[in-house]
Amino acid sequence: MRAWLVALLALPVQAATYWVVLAGLGGESDYEQRFSAWAHEAEKLVRGSTGEVHVSTLAGKDATAERIRALFADLARRVRPEDSFVLLLIGHGTFDGYQYKFNIPGPDLSGEDLAALLDRITATRQLVVNTTSASGASVETLRKPGRIVITATKSGMEKNATVFARYWIEALRDPAADTDKNETVSALEAFRYASQRTARFYESQRRLATEHPLLEDTGQGGGVRSPAPEEGSGRLAAAFPLVRFGRAQAAARDPARRALLARKEELEQKIDLLKYQKAAMDSAEYRKQLTALLVELARVNEELEK
Amino acid sequence: MTAALLLLTLSQPFAAAGPAAECRALAHRGRNIEAQNCFSALVRRPDAWARAEGLWGLGRYREANDEFRRAVAERPRDPDCRVRWGRLLLERFNPGEAAELFQEALQLRKDHPGALVGLALVAAEGFEQKAVGLAERALAADPGAIEARVLLARMALEDGDAVRAVQEADRALAAWPEALEAMAIRAAVEWLEDREPSAWIQRALAVHPRYGRIYAVGARFLVLNRRYEDGVRLYRKAVELDPALWDVRSELGLNLMRLGRDAEARRELELAYENGYRNAATVNALRLLDSARNFLLLDAGRFTLKLHRKEAAWLRPYVEQEATRALATFEKKYGVTLKEPVRIELYPDHEDFAVRTLGMPGLGALGVTFERAVAMDSPTARKPGTFHWAGTLWHELNHVVVLAAVNNRAPRWFVEGLAVWEETQASPEWGERLTPDVIAAIRDRKLLPVAQLDRGFVRPSYPGQVVVSYFQAGKLCEYIASQWGFDALRRMLRAFGERKTTPEVVREVLALPPEELDRRFQSWLDGQLRRTLEGFPVWRERMKRLAEAARAGRHDEVIREGPAVRDLYPEYVEAGSAYELLAGAYLATGDKEAARQELERYARAGGRDPALLRQLAELEATSGRKREAVAALERLLYVAPGDEEVHRRLGDLLLELGEAEQAIREYRAVLALGPSDVAAAHYHLARACRAARRLEEAREHVLAALEAAPGYRPAQKLLLELTP
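Heads up: the protein sequence lines correspond to chains R and U, in order.
Its first residue numbered 1, the first sequence is counted upward by one per residue in my numbering.
Its first residue numbered 1, the second sequence is counted upward by one per residue in my numbering.
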């Protein structure tokens with residue numbers, strides 16, 4: 001995963017990330033409150049995490065088709081190809097056997113409507129996180145080369161209200177989601193975190209799981225539950241940063257530290273390469289080489305921190 | 001045929017009615033070849049009922065069922081034919097449809113004795129109290145109804161009333177001297193009283209030279225009295241005498257499985273299955289045995305642990321610790337040293353545990369003891385906060401020790417009562433709670449006299465009586481310990497071991513008539529619970545108002561009224577308790593200290609909601625009470641041990657308190673739970689190992705952390721510190 005992350009960190013730092021957070025109709029006051037609270041928490045977390053981030057949130061009665069279309073029209077003018085774009089959908093979704101719909105006040109937005117809106121955004125790197133019920137049915141219409149589609153359910157037949165959104169948002173603030181500890185939570189890490197927590201939720205409640213999240217980022221598949229970049233799925237997601245914190249951002253901006261940073265990235269790539277060779281290596285030799293690389297990497301990081 | 005029906009075979013005079021009387025008389029005397037010829041001849045008869053009986057006698061059950069359907073159509077007004085069909089269905093594992101046929105027969109002829117006996121048998125299968133009334137009605141309709149008499153004998157013995165069992169069996173024998181089933185009851189009474197019933201065996205074998213069921217009936221009663229090893233011994237004798245008793249082989253298999261002898265169990269169950277005995281228990285048990293590969297058998301010194309692969313790594317240390325603590329406590333208190341290891345099996349799927357115990361799903365219990373084997377739900381089998389696994393483990397291990405002390409000879413009420421009471425001795429926060437059901441039973445004077453208390457466990461007469469009986473038995477032991485000292489309980493146990501009855505033991509040890517014990521106990525209990533009993537109706541009303549105030553956000557009202565409501569029924573710690581509402585109101589008004597104190601009260605009263613206990617731990621920690629925070633989290637280990645976050649937080653606190661070894665255990669649990677953040681789990685374990693001066697392990701884990709996350713700065717720093 002790191003090999004792709006290294007590529008990510010080398011991206012032009014002036015690129016911005018645009019977020020659109022939509023919380024649809026709850027139907028009941030409990031759901032209304034929950035969806036709206038999740039949407040605003042997501043907005044708060046994203047705003048507080050990285051450099052150039054733009055977040056637009058429409059929740060509850062404000063999330064009408066008209067206002068959503070107006071928002072996308074505005075963004076279509078502002079977002080550049082080198083920027084990243086994230087659409088987070090929270091709420092209820094339906095599937096009638098033919099068409100997925102995102103439930104909002106007034107006429108709902110279908111999967112096709114959403115795809116058309118997204119296609120107007122020129123950002124080449126796009127992420128759609130559809131956390132609604134029946135969201136699995138939206139994969140086919142939303143997928144596209146360069147676009148990551150994450151859904152809370154594996155199909156349109158999983159129609160119960162979901163909890164995936166709760167854990168997806170938790171991933172934006174829980175350092176535990178940053179499993180490779182590079183101070184960046186990628187879309188893949190957040191997906192894995194939220195999927196695992198969702199599964200645990202149902203296990204601990206002794207309830208049959210009624211949602212099975214999917215990730216699709218090849219532009220042609222139906223989505224997978226356990227993406228593996230080394231096998232082709234999850235590569236884009238691994239290289240899509242959601243939140244960054246701490247030194248990663250600062251170091252990239254300091255010319256005096258560029259050499260150290262380059263050495264750091266070289267060591268990280270060597271470690272990645274060594275890990276891929278692990279199965280074919282003598283374990284003592286693997287350990288010896290890994291230890292040496294890790295110690296050196298630790299020292300370089302120490303220098304970077306001074 | 002189920003274990004209960006083992007008693008009643010084809011040989012009753014009732015069954016003599018109908019076309020197969022002669023054939024069954026031959027079978028009754030063990031003249032099997034002649035009986036088979038006789039049944040074969042019936043199959044060739046033009047009458048559908050005769051054909052049905054013949055096919056049934058030949059073991060061709062499906063065809064027999066079809067013929068009975070025709071027979072009933074041919075004889076729409078004949079209750080006897082319907083009763084016989086019902087008996088076939090009852091024997092072939094379909095009590096529901098059997099009962100319908102018996103009811104139809106009763107509509108055709110009011111008080112048909114055969115139909116009443118059929119319904120009594122169905123009810124007796126489920127240990128329902130109404131079985132006794134039905135059998136008595138059958139006898140009133142036909143005083144010569146031997147089956148009803150034998151059934152009454154059997155139920156009396158199930159209730160522990162050997163005197164009545166003997167009386168009823170003797171009356172059956174007086175009416176029909178060849179009543180094999182009555183002889184089996186008489187023999188069972190002898191075995192239960194540790195005498196060899198040679199005369200009864202001789203008498204039965206004189207009628208039927210291969211009457212293996214006499215052993216099977218005895219085995220069943222020994223098993224009901226927790227004497228599984230003795231039961232297995234008799235089941236073996238039964239199949240030695242008549243190897244084709246497939247239902248008995250199934251029972252033998254189930255009981256071998258209970259004792260943890262899975263390989264032997266599988267052999268017997270497969271034999272039964274392959275020979276057409278495929279009742280639900282046999283099939284379920286074989287399926288469960290097939291799932292053995294999902295479990296690990298772990299040698300833990302004095303214990304053999306059978307844990308599911310997916311949870312063995314993190315669960316083992318906690319189970320081992322509690323089991324060791326419980327066994328040491330009980331061996332010391334009861335003066336027993338177990339020679340063999342105790343087998344402890346934990347099932348993450350409750351239905352697997354139920355099948356392991358009964359052969360059938362749907363068991364309400366949490367744990368069961370089979371001599372030196374304990375089977376119970378794993379903590380993950382139930383929703384977090386709803387199951388105190390350590391309390392159950394202590395309860396079951398108490399059975400192991402107590403029953404070993406008296407070679408399994410003690411009444412159920414005493415054995416259960418001791419175990420319930422011992423849970424509260426381990427910690428006052430453990431044990432049975434005073435639920436509204438129990439309060440209602442005490443208020444309505446539904447507690448049973450001590451001499452009849454076993455009946456509350458075996459044959460409950462109202463819903464919830466089993467739970468009430470556990471509570472009563474536990475309180476009775478508490479009362480005895482408080483008035484006469486623990487030694488009195490020990491002396492009672494010894495006396496029970498000498499096969500004395502409850503009235504005898506009460507008179508001998510407590511120097512009281514049992515009725516006087518009942519009176520004094522009731523008075524003590526009333527005194528102990530007076531406030532709750534009297535305040536209960538008021539509490540319900542005020543609790544409703546308190547909940548409304550909490551919902552409406554009227555925090556001042558909750559804070560003003562809450563303490564008084566809580567104190568009316570302080571044992572109530574279920575969802576929405578006054579403790580919870582008060583803590584919420586205190587937090588909403590910013591009074592964290594009051595919230596902390598309230599949640600402490602909640603925990604001490606036995607509250608187990610994981611969210612509230614976590615909240616307590618955080619309030620303790622943020623107010624600088626790290627020890628108390630650890631205590632709060634340790635409570636969670638007993639009700640929600642599969643929560644990674646609890647172990648991690650506990651590890652952090654223990655490390656801060658300098659208890660590195662304990663912290664290592666918690667961080668190991670985090671790692672074994674398959675955390676999403678593997679790197680952090682290894683890193684924290686590395687920190688704890690370093691604090692415990694286990695430097696090599698610390699280095700291993702910090703490297704593992706960095707292998708997962710090479711850029712993990714805290715781990716990098718630790719690696720440099722650990723690198724010379």
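These are calculated hints, taken from the structure and not from any lab test.
Keep in mind the model is a prediction, meaning the values are calculated, not measured.
All residues carry an ideal CB built from backbone N, CA and C; glycine is no exception.
Any given hint could turn out to be false.
Stated by the list, open to error - Below, a list of computed lysine-lysine pairs in the DSBU-like style, where the Cα atoms sit at most 35 angstroms apart:
(1) U/717 <-> R/275
(2) R/278 <-> U/332
(3) U/333 <-> R/44
(4) R/306 <-> U/717
Unchecked claim - Now the in silico label distances, taken between C-beta atoms and shown as ranges:
(5) R/204 <-> U/360: 20 to 28 angstroms
(6) U/575 <-> R/107: 37 to 45 angstroms
(7) U/283 <-> R/28: 49 to 57 angstroms
(8) U/625 <-> R/220: 53 to 61 angstroms
(9) R/33 <-> U/386: 22 to 30 angstroms
(10) U/360 <-> R/160: 25 to 33 angstroms
(11) U/293 <-> R/67: 38 to 46 angstroms
Stated by the list, open to error - A partial selection of chain U residues facing chain R, derived with a Cβ cut-off under 10 angstroms:
(12) 197
(13) 199
(14) 312
(15) 313
(16) 317
(17) 614
(18) 640
(19) 643
(20) 703
(21) 707
(22) 709
Q. Is it true that the C-beta distance of residue 283 of chain U to residue 28 of chain R lies inside 49 to 57 angstroms, as the hint says?
A. 44 angstroms, violated
Q.
Under 10 angstroms is the threshold here; is the Cβ of residue 199 of chain U close enough to any Cβ of chain R for the hint to stand?
A. Where the cut-off is 10 angstroms and the nearest Cβ of chain R is about 54 angstroms from residue 199 of chain U, the hint is violated.
(Q) Just to be sure I understand the hint, the distance between the Cβ atoms of residue 33 of chain R and residue 386 of chain U should be within 22 to 30 angstroms; is that true here? (A) 27 angstroms, holds
**Q.** Given hint residue 614 of chain U near chain R, where the shortest CB pair must fall under 10 angstroms
**A.** Violated. Min distance 13 angstroms.
(Q) For the restraint on residue 640 of chain U, tell me whether the closest CB of chain R is nearer than 10 angstroms. (A) 8 angstroms, holds
Q. Given residue 703 of chain U was flagged as interface, is its beta-carbon under 10 angstroms from a beta-carbon of chain R?
A. 6 angstroms, holds
Q) If you draw a straight line from the CA of residue 717 of chain U to the CA of residue 275 of chain R, is it 35 angstroms or shorter? A) Holds, at roughly 21 angstroms.
Q.
Can you verify the interface hint for residue 707 of chain U: is its Cβ closer than 10 angstroms to any Cβ in chain R?
A. 6 angstroms, holds
Q. Are residue 197 of chain U and chain R close enough, Cβ to Cβ, to be under 10 angstroms, as the hint says?
A. 48 angstroms, violated
Q.
residue 312 of chain U was flagged as interface toward chain R. Is the shortest Cβ-Cβ separation under 10 angstroms?
A. With a minimum Cβ separation of about 17 angstroms from chain R (threshold 10 angstroms), the hint on residue 312 of chain U is violated.
Q.
Hinted pair, alpha-carbon criterion (35 angstroms max): residue 333 of chain U, residue 44 of chain R. Please report holds or violated.
A. Outside the cut-off at roughly 60 angstroms; violated.
Q. Can we keep the residue 317 of chain U interface hint, with Cβ of chain R closer than 10 angstroms?
A. 21 angstroms, violated
The structure does not agree with the numbered hints 2, 3, 7, 11, 12, 13, 14, 15, 16 and 17 stated previously, though it agrees with the rest.
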